[in-house]
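*Asks:* Construct all of the structure, not just a fragment, from the sequences and the given hints.
Just so you know, the sequences run in chain order A, B, C and D. Sequential numbering of the first sequence, starting at 0, is according to numbering that gives the first Met the number 0. Sequential numbering of the second sequence, starting at 0, is according to numbering that gives the first Met the number 0. Sequential numbering of the third sequence, starting at 0, is according to numbering that gives the first Met the number 0. Sequential numbering of the fourth sequence, starting at 0, is according to numbering that gives the first Met the number 0.
In short, the hints are calculated from the structure, not lab data. The C-beta atom is built at its ideal place from N, Cα and C for all residues, glycine as well. Take the hints with a grain of salt, since some may be wrong.
Stated by the list, open to error - Just the calculated beta-carbon pair ranges, DEER-fashion:
#1 THR1/B - ALA26/C: 40 to 50 Å
#2 ARG134/A - VAL173/C: 19 to 29 Å
#3 GLU56/B - PRO90/C: 47 to 57 Å
#4 ALA89/B - ARG61/C: 49 to 59 Å
#5 GLU128/D - ARG134/A: 23 to 33 Å
#6 GLU116/A - LEU15/C: 29 to 39 Å
#7 ILE671/D - GLY152/A: 37 to 47 Å
Unchecked claim - To give a feel for the contact side, a few chain B residues facing chain D, derived at Cβ under 7 Å:
#8 LEU18
#9 ALA21
#10 ILE85
#11 LEU94
What the hints assert, rightly or not - Facing chain C, a subset of chain A residues (Cβ under 7 Å, in silico):
#12 GLN48
#13 PHE49
#14 PHE52
#15 LEU56
#16 ILE64
#17 THR123
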Amino acid sequence: MSIVFYILAALTVAGGLAAMLLRNTVHCALALTVAFAGLALLFLNLDAQFAGFAQILVYIGAVAILVVFAILLTRGSETPKEGVYSRSWLAGLAIAAAVFAVLGWAVLQSARVLPHETAVPAVTVQQIGVALVGRYVLPLEIVAVLLTSALIGAVIIAIHEKVGHEKEEHK
Amino acid sequence: MTPLAGYLLVAALLFSIGLAGALTRRNAILVLIGIELMLNAANLNLIAFWRYGPHPEALTGMMFAIFSIAVAAAEAAVGLGLVIQIHRHAKTTDLDQMNRMKG
Amino acid sequence: MIDTCDQIFVLLQHWLVSFLPAAWQTAAGVLLSVAAIVCLFPALFALTTVFERKGLARIQNRLGPNRVGPFGFFQPIADGIKSLTKEDIVPLSADAAVHFLAPVLLVVTVFMGFAVLPMGRNMVLVDLDAGLLFYFAMGASSELAVFMAGWSSRNKYSLLGAMRAVAQMISYEVPLLLSSVVVVMITGSLSLTKIVEAQNHYTWGLPHWYIFTPWGFAGFLMYAIATTAETNRSPFDLPEGESELVAGYHTEYSGFKFALFFLGEYVAMFSISGLGTTLFLGGWSAPFSFLTWVPSWIWFFSKLMLSIFVFIWMRGTLPRLRQDQLMNFAWKFVLPMCLLNLMVAGLWRFMGDGWLRWVVCSAILLLAYVGLGLGEMRRQRLGPRSYRYAE
Amino acid sequence: MQEAISIAPQLSASPITEILWLIPAVPVVAAGLSALLKQAGRKTAATLAIGSLSFSLLLSLVAFVHVLSGWMAGISTREVVNFTWIQFGTSNVDLGWVLDPLSAIMLVMVSFVGLLIFIYSTGYMEHDENYTRFFCFMSLFAGAMLGVVIANSLLLLFMCWEIVGLTSYLLIGFWYQKPSAAAAAKKAFLTTRVGDIFFLLGIVWLFAQTGTLLFYNHGAGSLESASLFMLLTQPATLGLTAAGAIGLLIFAGAAGKSGQFPLHVWLPDAMEGPTPVSALIHAATMVAAGVYLIARVYPLMAAGALAGGTTTALTVVTWVGAFTAVFAALIAVAQNDIKRILAYSTVSQLGYMMAGLGMGGVAVGIFHLITHAFFKALLFLGAGSVIHGCNEEQNVRRMGGLKSDMPLTFLTYAIGMLALCGFPLLFSGFWSKDGILEAAQHWSVAKAPLYMLVFGALLTAFYMTRQVAYVFFGHWRGGKPAHESPSVMLVPLGILSFFAVVLGFIGTPAWPWFRAFLNGKVAEFDLNVLMERELLTLMGISTLVVFVGIGVAWSFYGDRTPKPTAPDALEKTMPIAWGWLSHKFFVDEFYGMTVIAFYGWWGRVSDWLDRRVWGGTVAGVAWTFALCARLNRFLDTNVVDGSFDKGCEELNVGGGLLSQVQTGRVQTYLRILAFAVVALAAILIWSSRA
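*Replies:* Now the structure itself:
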């Protein structure tokens with residue numbers, strides 16, 4: 000366990016915690032990007048170059064921006080008066096803690112049989128590309144269809160229904 | 000502790016943080032953020048298992064993670080679109096106030 | 000001798016590093032390269048501002064800066080001193096931390112892009128296998144910096160400017176990526192050094208640059224359009240339109256932070272021009288086979304400066320677009336062309352050598368260009384100008 | 000090993016063989032395209048059909064020239080392209096196509112005659128509203144027929160064979176609104192199926208024995224020596240070898256398609272279809288497919304024959320062929336429908352071909368097939384022209400004197416008739432029929448076929464003369480006056496009559512080019528052969544027979560003008576024989592009384608069984624169930640419903656309780672979900688530890 004891993008893990012977890020704890024929604028979104036960046040660095044630390052850069056491109060470049068836009072469009076940057084946590088926050092926290100306990104327990108239980116350091120896998124981007132259009136071509140096509148339908152679906156969901164809206168305004 | 004166990008623990012922690020956020024926050028967008036965090040924790044697991052698994056050259060975990068990233072992007076787009084539409088409709092993104100199934 | 004000239008920087012680095020213990024040499028080498036980049040591009044930035052102001056002045060039939068130093072060439076030094084000594088104002092209601100982080104993040108992500116750009120033979124900081132992906136990942140991150148700047152200022156002009164900028168950058172990132180993917184398809188690699196190597200061949204003394212193929216030419220045009228929008232340069236400079244938004248997302252910045260934004264924008268322009276040079280213009284390879292004795296880095300930087308000149312030229316020539324025109328242009332013209340270009344590149348790849356693929360690919364692209372262009376033109380109904388007034 | 004051979008295209012196959020599949024494929028594609036056309040797309044349909052077949056003809060000619068040049072250079076060409084169609088377990092089914100002299104000649108013949116008939120059809124079918132459908136079927140037929148010709152696998156041949164049968168069915172029933180046409184189509188389809196079942200059995204047997212259905216596969220095909228040797232050593236029943244038995248089964252299929260006795264009954268009825276169909280399918284090509292099939296599997300049929308000897312299979316073929324030849328010719332004498340006479344004539348001539356194959360080998364039979372294709376197509380098209388000119392009149396007794404009304408039709412028809420009769424020296428029919436007679440003369444088993452075939456030739460001359468006398472001589476006995484046909488119909492007639500004359504000269508005994516070409520030998524021109532005593536005698540006899548036949552017929556029918564209703568001249572002389580002949584030896588009636596009657600009886604028995612026995616059983620079961628149901632209803636209303644109502648109340652209460660869980664709060668759901676996951680994981684881990 001290298002020192003780099005501990006730093007990155009701390010950064011990621013701190014980012015995640017901040018994203019879930021901060022009061023200001025935009026700050027939460029920015030903390031989320033920190034968590035994303037930390038995860039990307041963890042990926043790089045795991046020698047998954049492609050996945051790491053894809054993580055940055057997709058999550059920081061697109062998802063984070065999307066979240067930020069959504070926050071601004073829903074006026075979510077103003078902290079509400081009634082508090083940011085739901086009424087049953089204690090139950091939620093307890094359950095999350097239970098989940099962590101179970102997961103952690105499971106990991107520690109099986110820590111003995113988990114593999115130790117292995118050789119760095121020599122995987123080039125070209126191999127990933129060949130696998131994507133070779134063995135994994137069907138999932139790739141399905142993801143392409145999914146993305147297209149998600150694009151159309153998101154547009155249809157979020158589209159401004161002009162007629163109805165104008166009527167409301169006139170009232 | 001083996002490196003894999005370390006990564007798995009970090010992923011578990013991140014997952015729990017995401018879950019806690021999704022369970023406790025009022026704002027729908029932040030619930031979505033929590034879910035994104037959970038997804039990312041799963042990705043970290045996938046990549047870690049790929050790296051320390053017996054057959055990294057098969058690329059299975061890596062592919063899983065890449066597809067998961069793509070699907071998560073779609074999920075975020077649709078989810079946020081829904082949130083925006085809900086906001087337009089109910090003038091709020093507070094999940095505690097959105098407990099009616101009738102529009 | 001020629002080789003020494005070509006590799007002079009590499010040799011210099013090796014020589015300097017050789018004084019250190021072996022364990023430190025790698026780290027020191029990287030540090031040295033980073034330092035060189037961090038010093039070089041701001042200097043180039045300073046030089047470019049003068050050139051831009053003087054060039055624009057020539058286009059607009061003025062003189063431009065001519066007071067400080069010979070022919071006004073010390074103007075950037077004066078400007079630099081001014082911005083460093085100016086008071087750093089942070090608005091009272093601003094989000095101080097984010098307000099501070101925004102310019103830093105911008106400059107950092109922009110400089111990160113240079114890490115994978117080959118600036119000459121063997122002159123690349125890290126030769127990443129997924130270099131292009133890394134570059135675009137960094138480019139995408141800079142959008143966040145823009146948003147942070149606009150949002151943290153608590154100023155509606157800043158916020159609107161930031162939103163415009165981010166929307167524009169996201170919209171044009173799609174064609175930017177798609178036009179680059181074409182090169183990746185043909186080269187079969189995301190590594191920028193491999194892309195340059197693939198172009199560094201000559202037939203009859205002429206280079207195999209990708210711009211000299213039908214898909215490469217179309218791709219380069221799309222790339223150039225997308226980069227202009229991506230760097231918020233005229234005619235796509237709506238986010239900074241002074242007449243509408245005061246100055247866009249950095250309205251509330253002053254002093255050194257403002258200078259950082261200014262620097263970041265120009266360096267982004269350099270790096271994206273460098274990427275365009277690498278992808279389409281053969282990177283550091285010479286334009287004719289008999290000119291290969293000229294050091295490779297000279298070619299890289301001259302191509303880069305040529306691109307910068309085109310940027311300045313466009314700024315002096317073209318009027319600004321409207322927001323809806325900008326979006327329509329991106330989604331209804333550039334994107335379809337890019338998608339078609341992808342198909343053409345595939346066709347090119349599988350048709351094999353021979354004149355036929357030239358004819359077919361060129362014909363498809365030309366037809367699409369004319370067809371889409373005519374469609375766009377027809378939609379533009381030019382009529383008497385209508386005025387709208389605030390109610 | 001077989002895989003390696005069949006998957007990779009063979010190196011020896013020339014480019015033309017590689018693209019040989021285009022010849023059938025193009026007409027089939029044209030058929031598919033014209034199937035999509037609307038009824039109004041007449042021009043397009045005709046253009047598609049004719050264009051595609053012209054393309055096929057072009058390719059066929061190229062293939063023919065390729066084979067021809069190989070032959071000239073002294074190489075006997077047999078190129079095959081095979082590929083694996085289906086693979087199951089260790090064995091696989093291969094398909095493929097072959098280019099050899101036989102298939103090359105057949106390709107040219109089928110596409111050429113087909114093209115002429117297509118062109119003719121544009122005129123003949125001009126006023127039909129289902130013009131596009133017609134050309135669609137015709138193209139499909141042409142494609143499938145060409146497929147039969149090039150097939151190198153018995154299975155591929157069978158597939159195309161069945162498509163050919165299908166198109167035959169569709170085209171016979173083209174005017175399906177006529178009940179007689181629909182019935183004829185059905186009859187043709189069912190009768191040929193009888194033969195096809197035997198054929199299929201033969202195929203399966205062959206596959207079971209040799210493991211391949213390819214004809215030629217570089218020594219591994221079923222027609223090559225290794226397989227044949229194996230088949231010969233396998234005994235079957237009745238003292239037959241496996242080769243002989245399979246050969247006989249395949250011959251049964253061929254007999255069905257080629258209208259050999261006793262499966263000939265469908266062919267005369269098939270004349271209900273449009274005349275070009277009769278010409279193309281039921282005279283020139285499809286019915287010849289049976290002959291072609293026998294020629295194709297000839298090595299199998301002849302396997303085990305010593306030099307000059309014969310095999311059981313070939314003997315059967317000979318006898319059936321010879322018998323059919325005489326039998327059908329006899330019936331043809333007493334028919335009055337112009338197309339029916341030709342149909343029986345076709346059956347008779349197919350018998351000749353079969354007999355030729357059986358006695359003289361491939362070349363003799365196929366030579367008659369080729370010449371017959373041309374002159375019989377000519378006769379049918381001529382008959383079509385006559386029918387067209389006489390306003391759809393088909394009864395020869397109501398025609399007459401058309402010699403002057405339709406001079407060009409008469410001229411070409413006369414050429415066809417003389418060729419069919421085997422008029423000496425000048426006409427192709429003479430030479431090809433002579434070849435068969437010569438083979439019969441040398442046949443070692445029996446002399447009877449020779450006499451039968453000579454008698455058949457006499458009858459042929461007789462009925463053709465009778466027909467021509469009725470149709471073209473005397474004076475007009477019909478209603479509306481006749482008129483000459485358009486030139487689009489006459490030009491194919493002219494071309495066909497040209498070939499009906501000249502084709503004979505490629506197969507005279509003096510210059511047996513055709514035989515040499517098929518057998519891969521060199522053709523020598525030697526007039527002295529004609530002067531051999533034996534041959535001269537035979538030629539003299541056949542000439543004499545032809546003249547006698549024509550003379551006798553002319554004496555009965557020449558230049559007289561009997562009333563349509565008056566009894567036939569022959570009927571007056573021999574009323575009893577005439578009765579038998581005009582009723583086609585009562586074969587149809589015989590079938591009606593035996594096979595069909597049996598099926599009818601069996602159908603009635605089944606119906607009775609169905610109604611009484613099974614129906615009764617079902618009714619009994621139903622009644623029992625109804626009784627049970629009544630009992631059940633009683634229980635339901637009084638016992639079950641009460642408890643059910645109680646249960647429903649409970650459910651309502653339970654639902655009310657459960658609906659408390661459905662709060663509409665997403666986070667509550669998520670919480671329950673997460674809790675469940677935790678519980679499940681804990682249980683799993685706990686249990687795995689134990």
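*Asks:* Now look at each hint and say whether the structure bears it out.
*Replies:* Here's how the hints hold up against the structure:
1. THR1/B - ALA26/C: 40 to 50 Å: Violated, since THR1/B and ALA26/C (Cβ atoms, about 28 Å apart) do not stay within the stated range.
2. ARG134/A - VAL173/C: 19 to 29 Å: At roughly 28 Å between Cβ atoms, VAL173/C and ARG134/A fall inside 19 to 29 Å, so the hint holds.
3. GLU56/B - PRO90/C: 47 to 57 Å: holds (55 Å)
4. ALA89/B - ARG61/C: 49 to 59 Å: holds (57 Å)
5. GLU128/D - ARG134/A: 23 to 33 Å: Because 56 Å falls outside the window, the suggested range is violated.
6. GLU116/A - LEU15/C: 29 to 39 Å: Check passed, 35 Å falls within 29 to 39 Å.
7. ILE671/D - GLY152/A: 37 to 47 Å: violated (27 Å)
8. LEU18: It holds, given that the least Cβ distance between LEU18/B and chain D is near 6 Å, below 7 Å.
9. ALA21: Constraint on ALA21/B satisfied, holds at 6 Å.
10. ILE85: Since the shortest Cβ distance to chain D is 11 Å, the answer is violated.
11. LEU94: With a minimum Cβ separation of about 6 Å from chain D (threshold 7 Å), the hint on LEU94/B holds.
12. GLN48: It holds, given that the least Cβ distance between GLN48/A and chain C is near 5 Å, below 7 Å.
13. PHE49: Nearest chain C Cβ about 5 Å off; hint holds.
14. PHE52: Holds: closest Cβ of chain C sits about 4 Å from PHE52/A, inside 7 Å.
15. LEU56: Where the cut-off is 7 Å and the nearest Cβ of chain C is about 4 Å from LEU56/A, the hint holds.
16. ILE64: holds (6 Å)
17. THR123: holds (5 Å)
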